[in-house]
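K.L.:
Sequence:
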Amino acid sequence: MTTTRHAFLFAHAALAVTLAAQGPDFLITYSQPETTLSGSNGTSMQTLLPDEISHLEYSNGPCASLSAEKWSPRACFHAMAGDENSNAMYWNPTLFGSIDALVEGMSMTPIAGSNPRTVFFSPSVAMGNGVSTLPLRPGDVGRIVRTTSGDGQVEYFLRQEDTNMALGLPSTTPIDVDAIAFSPNYGVFLSLDQDILVNTPCGPTMLQDGAIFMIPNWAITYTWDFRIASVLPNSAFVIYTEAQVDAMVANAQVTDRFGVCLTNAVDVEALEIDWMGPGQTIVPCAGAVLWAPDLIFSVETGTGASVLTTQFGGSIHGNTCTLMGTGCGSGPTFGPQTGIRSTSSSVGAPSYVNGLCSTWTLRYSLQARTPVLNSSPSGLAAGATLFDINSPAPLNFIFVTFVPSGVNAVPTSFPGFPFSLLGFPDYYPTNFFYMFSATAGGTSTFPSFAIPPNFPVKLLFQSVGVVNSMIEFSTPAILDIL
839 MTTTRHAFLF
849 AHAALAVTLA
859 AQGPDFLITY
869 SQPETTLSGS
879 NGTSMQTLLP
889 DEISHLEYSN
899 GPCASLSAEK
909 WSPRACFHAM
919 AGDENSNAMY
929 WNPTLFGSID
939 ALVEGMSMTP
949 IAGSNPRTVF
959 FSPSVAMGNG
969 VSTLPLRPGD
979 VGRIVRTTSG
989 DGQVEYFLRQ
999 EDTNMALGLP
1009 STTPIDVDAI
1019 AFSPNYGVFL
1029 SLDQDILVNT
1039 PCGPTMLQDG
1049 AIFMIPNWAI
1059 TYTWDFRIAS
1069 VLPNSAFVIY
1079 TEAQVDAMVA
1089 NAQVTDRFGV
1099 CLTNAVDVEA
1109 LEIDWMGPGQ
1119 TIVPCAGAVL
1129 WAPDLIFSVE
1139 TGTGASVLTT
1149 QFGGSIHGNT
1159 CTLMGTGCGS
1169 GPTFGPQTGI
1179 RSTSSSVGAP
1189 SYVNGLCSTW
1199 TLRYSLQART
1209 PVLNSSPSGL
1219 AAGATLFDIN
1229 SPAPLNFIFV
1239 TFVPSGVNAV
1249 PTSFPGFPFS
1259 LLGFPDYYPT
1269 NFFYMFSATA
1279 GGTSTFPSFA
1289 IPPNFPVKLL
1299 FQSVGVVNSM
1309 IEFSTPAILD
1319 IL
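Residues in the sequence shown are numbered consecutively from 839, following our numbering.
Mixed in with the good hints there might be a few duds.
[What the hints assert, rightly or not] Just the calculated beta-carbon pair ranges, DEER-fashion:
#1 L1128 to P1267: 28 to 38 Å
#2 P1215 to G1156: 51 to 61 Å
#3 L1035 to F1270: 56 to 66 Å
#4 G880 to N1055: 45 to 55 Å
#5 G1125 to T1101: 31 to 41 Å
#6 T1101 to P1294: 20 to 30 Å
#7 S987 to F1150: 41 to 51 Å
#8 S1183 to P871: 43 to 53 Å
#9 C1123 to G1244: 48 to 58 Å
#10 S1168 to W1056: 35 to 45 Å
#11 F1255 to G1167: 20 to 30 Å
#12 A1067 to T1011: 12 to 22 Å
#13 N1089 to C1123: 20 to 30 Å
#14 P1290 to N1055: 52 to 62 Å
These are computed hints drawn from the structure, not numbers from a lab. Glycine included, every Cβ here is placed at the ideal spot set by N, Cα and C.
Construct the complete structure from the given sequences, taking the supplied hints into account.
P.N.:
Written out as structure tokens, the structure reads:
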């Protein structure tokens, strides 16, 4: 592979300039429910949940209005996954538990930006496989796609079995991926949620949850679209021990949400490649020489949602707007540096950054404020729930479709190409156009329509808008009416 990730990012950048896409920025998840710095006009879009993906935008600025905004709401995952837990409901507030790790693979077409179908993630709780023919476990890194088996299918970037193979573990060993980063120039970088004895080329090693290990590119066989097909056994190297990560955290001189200077990591929680760093040669044991890029990372102790880098032996990561943490002696790390509100004027946000992925993307998301309604016995008046939209379009055209009910049901989607090159890539065949809703300050709100008595249905809502002369689709949202 001679085309590097830089080339793909450049291709995405060229498209972004042409179509005014957003990026390169961060997709991000938090360990606790948080509130957007902007407040999202008081809509439900202001609440960022651990099982959702948010978008932290630096490119379009201005830095004074930096805010993390909801990018892939849980409603989107519910529509994509279908009734995965076999309870005849699309709504599942416990889906994934939390999203612990994010990674972007290699796009095979630089036409499209990243979207909820293309980004891979690892859950803290296994997704049910009532719909998918494959599981998505805490030890897997995957995404939900449409295959020849239909919608709601899991596609892997990295399976639990392959990580175990690289670590010299039995394939069935339960593991929990906490952090991941990828470059075809180097390989895959990971951290696990538990301490475990592994077998590396350097011999038996206690891999701690605060350590970072690497599966080198030469040990990986890729699929045609640069997902991981297989790895060589016992091929993973520990490139930073927990003690070394602790030293980098201490050297970074960053504070937590209370203003306490951090001295250790406890657990590595997120990873990404730091393309601004020079990289370095790492010798994990005699005879083993590896070249690795610098890494952006977060740690469990990093409340206030700080982000660090391995550059200079450990430092606070900086971007075009700000340092992503507060230096020791300067008060708490509050949260606005990663787009969220602090708890108070003296205490920062409770979260650490749980997942991080640098990418190019567009934010066009939709959700219902009350996703489950009961039509018995009297029916529902118009406006029984409100739908909120994070929208880049000045006007949103709302379409509605009846979707399948029953155990293991999943909505059927179709490719949106050549439309929605940067938004949600699929559309759901519509039964009728409902209404249009204007965007004000980046958000839009519209009411539900009246539902007859005793009329249990599943309704999927999706918005369409024109963004810089391009037709884009929002993420889908389903209303479970009982």
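K.L.:
Please write out, lowest number first, the hints stated earlier that are contradicted by the structure.
P.N.:
Of the numbered hints given earlier, those the structure breaks are 1, 6, 8 and 11, listed in rising order.
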